[in-house]
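Count along the sequence shown from 1, add 35, and you get the number used in this note's numbering.
A portion of the hints provided could be inaccurate.
What the hints assert, rightly or not - Using 27 Å as the maximum straight-line C-alpha spacing, the simulated DSS-like pairs for lysine-lysine come out as follows: (1) K108 with K179; (2) K108 with K143; (3) K179 with K143; (4) K137 with K179.
Stated by the list, open to error - Pair ranges (Cβ atoms, derived): (5) G124 with K104: 19 to 25 Å; (6) A175 with V107: 21 to 27 Å; (7) E105 with G176: 38 to 44 Å; (8) G140 with Y213: 30 to 36 Å; (9) E120 with D198: 14 to 20 Å; (10) A199 with A175: 35 to 41 Å; (11) E174 with A220: 34 to 40 Å.
Rather than coming from a laboratory, the hints here were simulated on the basis of the structure.
In this text, a Cβ means the ideal position worked out from N, Cα and C, and glycines have one as well.
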Amino acid sequence: MVMHRQRAAATSATLLVAWVFVSMTVLAETGEVESADNSVSVEAIAVLHSCSDPEREVGVAVLQEAESKEGVKVVSFDLAIDDPELAAGQHGVHIHETGACKPCGAAKGHFDPGPNSNSSPDGNHPFHMGDLVNIAIDEAGQGKLNVISTRITLSPGPLSIFDADGSAVIVHVNADSYCPLGEEAGCAGGARAACGVITTSDSP
C-alpha cells in the first residue's frame with residue numbers, strides 16, 4: 036500500500052510539472068503575457084516540496100517575464116499544487132527573500148527589497164513586493180493559481196528575485212488574511228506547508 040501511494044504521488048508530481056509547462060506554453064502562444072516583440076524574455080521555475088517531508092514533491096511554479104509595449108516588466112506566476120495532506124480551503128502564497136528550503140524557515144521573510152524594506156511576514160503586509168493572493172485547494176489537495184505581478188522582475192534590477200541570495204516560493208498552512216488589523220502573528224498565513232527555490236529554467 037505504501038509503495039502504491041509513493042508511485043501514485045510520483046506519477047502525480049510528474050503530471051503536475053507537465054501540466055504547468057503546457058499551460059505556460061499556451062499562455063505565451065495566446066499572447067496573454069507578451070513583450071513588445073511577442074516573446075517571453077526570462078523564465079524561471081520552482082519545484083515545491085512538503086515542509087513536513089522534504090523528500091515529497093507537492094507542486095511546481097512557473098514564472099515568465101515579458102516587457103509590455105509601454106516598457107513595464109510583467110511577470111506571470113502559475114502555481115499548481117497536489118498535496119493530499121493540505122487541507123481544503125484558502126492558503127497563503129508568497130515569494131520569500133532567500134532561496135533556501137531546508138528547513139522551510141531558511142527562506143526567511145517575504146521578498147521586499149529596498150531601503151525601507153520590512154520583510155517580516157506579518158508586518159507591512161500585504162505591501163511586500165513578494166506578496167501574492169491565496170491559492171484555493173480542493174478536497175483532494177489540489178489547486179491552481181494564475182496571477183500577474185509588476186512588483187518583481189526575473190531580469191537584473193532593484194526588484195529582481197535573483198539577487199545575491201535568491202528567492203523561494205512558499206505555500207502556507209492557513210489563508211492569508213492580508214492583516215487588516217495591522218501586524219498580528221500568523222495573519223499572513225502562519226506555518227509553512229511547502230517551499231520551492233526559484234531557479235532559472237536553464238539552470239542545471
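So, going through the hints one by one against the coordinates:
1. For the hint linking K108 to K179, the alpha-carbon distance of about 23 Å falls within 27 Å, and the restraint holds.
2. Proposed proximity of K108 and K143 is supported: the alpha carbons are some 26 Å apart, at most 27 Å.
3. Distance hint between K179 and K143 is fulfilled; the C-alpha atoms sit about 24 Å from each other, no more than 27 Å.
4. Our distance criterion of 27 Å between C-alpha atoms is met by K137 and K179, whose separation comes to about 24 Å.
5. About 39 Å separates the C-beta atoms of G124 and K104, a value inconsistent with the hinted range of 19 to 25 Å.
6. For A175 paired with V107, a C-beta distance near 37 Å fails the hint of 21 to 27 Å.
7. In this structure the hint that E105 and G176 lie 38 to 44 Å apart at CB holds, the actual value being about 40 Å.
8. The given range of 30 to 36 Å is broken by G140 and Y213, whose C-beta atoms sit roughly 22 Å from each other.
9. Checked against the hint of 14 to 20 Å, the C-beta distance between E120 and D198 comes to roughly 32 Å, which is inconsistent with it.
10. Restraint check, A199 to A175: a C-beta distance of roughly 39 Å satisfies the suggested window 35 to 41 Å.
11. Restraint check, E174 to A220: a C-beta distance of roughly 29 Å breaks the suggested window 34 to 40 Å.
The earlier numbered hints that this structure contradicts are 5, 6, 8, 9, 11.
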